[in-house]
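> Starting from the structure of chain A, add chains B, C and D where the hints point.
Number of protein chains: 4
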Amino acid sequence: MWNEHRHEKQDPRVAAIYPRGIHEAIAEPLRALDGIEACTATLDEEEHGLTQAALDTTGVLIWWGHMAHGEVRDDIVARVKKRVLEGMGLIVLHSAHYSKIFKALMGTTCSLKWREASDKERLWTVNPGHPISAGLPEHFELPMEEMYGEPFGIPEPDELVFISWFTGGEVFRSGAAWRRGNGRVFYFRPGHETYPSYHDKNVRRVLANAVRWARPTVRIADVCPNVGPLEPLPPDPDAQSRSHIGHR
Amino acid sequence: MWNEHRHEKQDPRVAAIYPRGIHEAIAEPLRALDGIEACTATLDEEEHGLTQAALDTTGVLIWWGHMAHGEVRDDIVARVKKRVLEGMGLIVLHSAHYSKIFKALMGTTCSLKWREASDKERLWTVNPGHPISAGLPEHFELPMEEMYGEPFGIPEPDELVFISWFTGGEVFRSGAAWRRGNGRVFYFRPGHETYPSYHDKNVRRVLANAVRWARPTVRIADVCPNVGPLEPLPPDPDAQSRSHIGHR
Amino acid sequence: MWNEHRHEKQDPRVAAIYPRGIHEAIAEPLRALDGIEACTATLDEEEHGLTQAALDTTGVLIWWGHMAHGEVRDDIVARVKKRVLEGMGLIVLHSAHYSKIFKALMGTTCSLKWREASDKERLWTVNPGHPISAGLPEHFELPMEEMYGEPFGIPEPDELVFISWFTGGEVFRSGAAWRRGNGRVFYFRPGHETYPSYHDKNVRRVLANAVRWARPTVRIADVCPNVGPLEPLPPDPDAQSRSHIGHR
Amino acid sequence: MWNEHRHEKQDPRVAAIYPRGIHEAIAEPLRALDGIEACTATLDEEEHGLTQAALDTTGVLIWWGHMAHGEVRDDIVARVKKRVLEGMGLIVLHSAHYSKIFKALMGTTCSLKWREASDKERLWTVNPGHPISAGLPEHFELPMEEMYGEPFGIPEPDELVFISWFTGGEVFRSGAAWRRGNGRVFYFRPGHETYPSYHDKNVRRVLANAVRWARPTVRIADVCPNVGPLEPLPPDPDAQSRSHIGHR
Numbered sequence: 001m002w003n004e005h006r007h008e009k010q011d012p013r014v015a016a017i018y019p020r021g022i023h024e025a026i027a028e029p030l031r032a033l034d035g036i037e038a039c040t041a042t043l044d045e046e047e048h049g050l051t052q053a054a055l056d057t058t059g060v061l062i063w064w065g066h067m068a069h070g071e072v073r074d075d076i077v078a079r080v081k082k083r084v085l086e087g088m089g090l091i092v093l094h095s096a097h098y099s100k101i102f103k104a105l106m107g108t109t110c111s112l113k114w115r116e117a118s119d120k121e122r123l124w125t126v127n128p129g130h131p132i133s134a135g136l137p138e139h140f141e142l143p144m145e146e147m148y149g150e151p152f153g154i155p156e157p158d159e160l161v162f163i164s165w166f167t168g169g170e171v172f173r174s175g176a177a178w179r180r181g182n183g184r185v186f187y188f189r190p191g192h193e194t195y196p197s198y199h200d201k202n203v204r205r206v207l208a209n210a211v212r213w214a215r216p217t218v219r220i221a222d223v224c225p226n227v228g229p230l231e232p233l234p235p236d237p238d239a240q241s242r243s244h245i246g247h248r
Numbered sequence: 001m002w003n004e005h006r007h008e009k010q011d012p013r014v015a016a017i018y019p020r021g022i023h024e025a026i027a028e029p030l031r032a033l034d035g036i037e038a039c040t041a042t043l044d045e046e047e048h049g050l051t052q053a054a055l056d057t058t059g060v061l062i063w064w065g066h067m068a069h070g071e072v073r074d075d076i077v078a079r080v081k082k083r084v085l086e087g088m089g090l091i092v093l094h095s096a097h098y099s100k101i102f103k104a105l106m107g108t109t110c111s112l113k114w115r116e117a118s119d120k121e122r123l124w125t126v127n128p129g130h131p132i133s134a135g136l137p138e139h140f141e142l143p144m145e146e147m148y149g150e151p152f153g154i155p156e157p158d159e160l161v162f163i164s165w166f167t168g169g170e171v172f173r174s175g176a177a178w179r180r181g182n183g184r185v186f187y188f189r190p191g192h193e194t195y196p197s198y199h200d201k202n203v204r205r206v207l208a209n210a211v212r213w214a215r216p217t218v219r220i221a222d223v224c225p226n227v228g229p230l231e232p233l234p235p236d237p238d239a240q241s242r243s244h245i246g247h248r
Numbered sequence: 001m002w003n004e005h006r007h008e009k010q011d012p013r014v015a016a017i018y019p020r021g022i023h024e025a026i027a028e029p030l031r032a033l034d035g036i037e038a039c040t041a042t043l044d045e046e047e048h049g050l051t052q053a054a055l056d057t058t059g060v061l062i063w064w065g066h067m068a069h070g071e072v073r074d075d076i077v078a079r080v081k082k083r084v085l086e087g088m089g090l091i092v093l094h095s096a097h098y099s100k101i102f103k104a105l106m107g108t109t110c111s112l113k114w115r116e117a118s119d120k121e122r123l124w125t126v127n128p129g130h131p132i133s134a135g136l137p138e139h140f141e142l143p144m145e146e147m148y149g150e151p152f153g154i155p156e157p158d159e160l161v162f163i164s165w166f167t168g169g170e171v172f173r174s175g176a177a178w179r180r181g182n183g184r185v186f187y188f189r190p191g192h193e194t195y196p197s198y199h200d201k202n203v204r205r206v207l208a209n210a211v212r213w214a215r216p217t218v219r220i221a222d223v224c225p226n227v228g229p230l231e232p233l234p235p236d237p238d239a240q241s242r243s244h245i246g247h248r
Numbered sequence: 001m002w003n004e005h006r007h008e009k010q011d012p013r014v015a016a017i018y019p020r021g022i023h024e025a026i027a028e029p030l031r032a033l034d035g036i037e038a039c040t041a042t043l044d045e046e047e048h049g050l051t052q053a054a055l056d057t058t059g060v061l062i063w064w065g066h067m068a069h070g071e072v073r074d075d076i077v078a079r080v081k082k083r084v085l086e087g088m089g090l091i092v093l094h095s096a097h098y099s100k101i102f103k104a105l106m107g108t109t110c111s112l113k114w115r116e117a118s119d120k121e122r123l124w125t126v127n128p129g130h131p132i133s134a135g136l137p138e139h140f141e142l143p144m145e146e147m148y149g150e151p152f153g154i155p156e157p158d159e160l161v162f163i164s165w166f167t168g169g170e171v172f173r174s175g176a177a178w179r180r181g182n183g184r185v186f187y188f189r190p191g192h193e194t195y196p197s198y199h200d201k202n203v204r205r206v207l208a209n210a211v212r213w214a215r216p217t218v219r220i221a222d223v224c225p226n227v228g229p230l231e232p233l234p235p236d237p238d239a240q241s242r243s244h245i246g247h248r
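Those sequence lines, one after another, are chains A, B, C and D. The opening position of the first sequence corresponds to residue 1 in the numbering used here, with each subsequent residue numbered one higher. The opening position of the second sequence corresponds to residue 1 in the numbering used here, with each subsequent residue numbered one higher. The opening position of the third sequence corresponds to residue 1 in the numbering used here, with each subsequent residue numbered one higher. The opening position of the fourth sequence corresponds to residue 1 in the numbering used here, with each subsequent residue numbered one higher.
Hints in this document: simulated from the structure, not taken from any laboratory. Misleading hints may appear alongside valid ones.
Identical copies go unnamed one by one, so any copy, or any two together, can satisfy a pair.
[Unchecked claim] Within a straight-line C-alpha distance of at most 25 Å, the following computed DSS-like cross-link-like pairs (lysine-lysine) qualify:
hint	residue 1	residue 2
1	Lys113	Lys82
2	Lys9	Lys100
3	Lys100	Lys113
4	Lys201	Lys82
5	Lys100	Lys82
6	Lys9	Lys82
7	Lys201	Lys120
8	Lys201	Lys100
Fair warning: this is a prediction, and the values are worked out from it, not measured in the lab.
Here chain A stands alone, though its shape is the one from the complex (with noise of 0.2 Å):
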């Protein structure tokens, strides 16, 4: 679970909410359930808590962040990136729609509306038979939070699964699954640090569900290999000038 953990630090409102942060908040209940072992990385740490070392033993990385995107470096995003497309789970979380790794993942603006005022948000289910859905109702209420709403910036999701009503007039698709090289990506849009979200037992339902199956399945390493034939060819007429290539 990595959490830019910035806000909880300068904003008493925050901190009354999440006393020992957005990452406790979310990784203690994770913590209490058969076959999850949860840990967590903040922005301030070493390497923002991200060495190669921490992700070799990451099944699936939980991602919050809002305002500290651009600190986060570039290496490390690439590092997350490649450690994502070789297998691991991304579960990224409600402001990190503007993250530099989910922005890398999806190749698009990943843009939206927004508004913090008093607006009600219920999350439908979409998509009941998905296992991100299992054991929720056919909607939950939020009784405060951000609004954010459509046009979300985003590629076509594979798996659509959540889509949020606005008290204010909006629309947002809140629950949506890619596949990413050989991982999976889910983007959750609750979370916005002033409401206690992640405190909501069905906000955490997803997250476990969620967790469950973003698990890798294998991790690949990437590679772009030049190989011989598995039948054989005819005979090549420019063999002799061929012999040069491997240039890439």
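Coordinates of chains B, C and D only, in the frame set by chain A:
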């Protein structure tokens, strides 16, 4: 039509096949078509020929590159990507699977297997109703081509159009389409510089169809706006403390 | 433009809104457009107006039905389905989510939540670069409409274009596109018979765009052919015993 | 594991390969796996062995059929389809591409090219991170198999897992996955009755992986409910005239 235009200058075999460059071999037949105006640009032109003014008047960009992907300036890649997300179509050819622009839009490795030998390639139309397949036979052959083999490190295509069979025993998703932002992206496999594939009538047909398919319907600049509600909200108990926001 | 055309005859409220039938309300503005010829057919015509000859000359079929889905003949549904799979476009409106033709093409329940009350519907364009969104605002409203709510029992759309917000608290994937065989299918939600939604300029725009988008590029009859090899095969030790085959 | 079980009784070549039937050849290795209980059912049993009680206790149904698709009762196909849409997994093998149940769930022709000769089939994993690929090599071969060739008349797969190469020059999407309702559907190509493909260790691995992947997380009965609003609505000027509704 953007071309790296290096092989043609350095390798007499390539120059013999494409005496005016791959870009002209592709642009010329497009110019003969109703409703298409085709210009060219190459790596060694100023700003690689991809000035903002040029992109502003481009509906669909075709991209061929191979040996000099690393010389394409990052700021110009960002400019092209922004333009695709605003609505410009992009057609990525052959070894441009490893171009910076394709990798940035896909978010994945874009790696594959390869072999430069005497394989025949047979392309099968798996989606005969797709506009890019219009007027093509169920399959067509290129008597000799570089082999590209699976797994191909791309996101699940929105639409898969062609799959290639190779003599040496491999298969490849050789025509694949995605929407990214408001733009459409099509990857088409054939076109190694040492074979005359861009003189093939079926390949030309694919390119003409793809250009028509990828034409933009809009141009929309990226925004991530803070918006007011469209419906009445309940009173906000924290309205005052929210007055600081707007830090994005 | 196919219409069940029953409500208009039985309910004076509906007749007041659509005096010449829903079919004419939809067909008439399409006729005014370049390159579109719009005919109509209704349930009570012979063969529901959907003779083979009529389908042979139809590029895109629009379908509105509600109270009499069960009266549509199964053999005619099979004929329409075959024509869609050959390449004809199909636009399915509102309560035709439960039409035989839509359910047969989707393979799912096509069920949803519903309420006929005083909801406002606001449609959000989640895919502004899609041809069906061309010329539309980011959102548009219908001041009163029947509510349809998620979960909607459809396969994951190939492309999601619109999501609706309803006053009563629900959301709905109100514009969704699929390819089925060589044909394109678009479902569009608005259009309850007791509201004047087909007189709305944005709804009309969607329908005009959808007709253009769904136009066929081919017509391909279904075959499942026994074919000879394109490349030499090794000797077949069981060639004689295979001589019986061809039982499909 | 459902099997038509006719070829084995009528053709000594098939009986020699599958002396206890294709169903037992598939079920037996599944029984050896942790957490899987495998039963069988065949066409000539009462209700084809697919009673409601049997389906109620089935998590994943595997289907093999070929020469007797037409003898499968329509009411039982409807029962199986309903159960899939409620959440049961379905794995469709080889010639069952033309089974009633697969065609009903896909909504398309499910046609293909075919040849019963001496082709070798090589299956390439195009999605190595998919759970169905777990533990499989990048490609595996079946020394002799019936050829199936593109175009294959299916909806765009949600996830494409395998593509086959055939000696005779064709390709085929031989492992394809869809969600339909709350159930998951996987089509897997190999398994012509005159070849021992279901004794192949890689084929068995695919089937074991597919069973695990297709397991239901829910069972949800189909409903299309009339619901009240979750948020206050404005007054309905037509409330009285609406009191008649409920005709679905």
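> Against this structure, judge whether each hint is valid.
Outcome of the hint check:
1. Lys113 to Lys82: between (30 Å within a copy, 19 Å between copies)
2. Lys9 to Lys100: Cα proximity of Lys9 and Lys100: one copy only (22 Å, versus 39 Å across).
3. Lys100 to Lys113: within (19 Å within a copy, 29 Å between copies)
4. Lys201 to Lys82: Close neither inside one copy (33 Å) nor across copies (32 Å); limit 25 Å.
5. Lys100 to Lys82: both (13 Å within a copy, 16 Å between copies)
6. Lys9 to Lys82: For Lys9 and Lys82, the Cα distance exceeds 25 Å both inside one copy (31 Å) and across copies (35 Å).
7. Lys201 to Lys120: Within one copy only: 16 Å inside a chain, 31 Å across chains, cut-off 25 Å.
8. Lys201 to Lys100: neither (29 Å within a copy, 41 Å between copies)
Against the hints set out earlier in the document, violations occur for numbers 4, 6 and 8.
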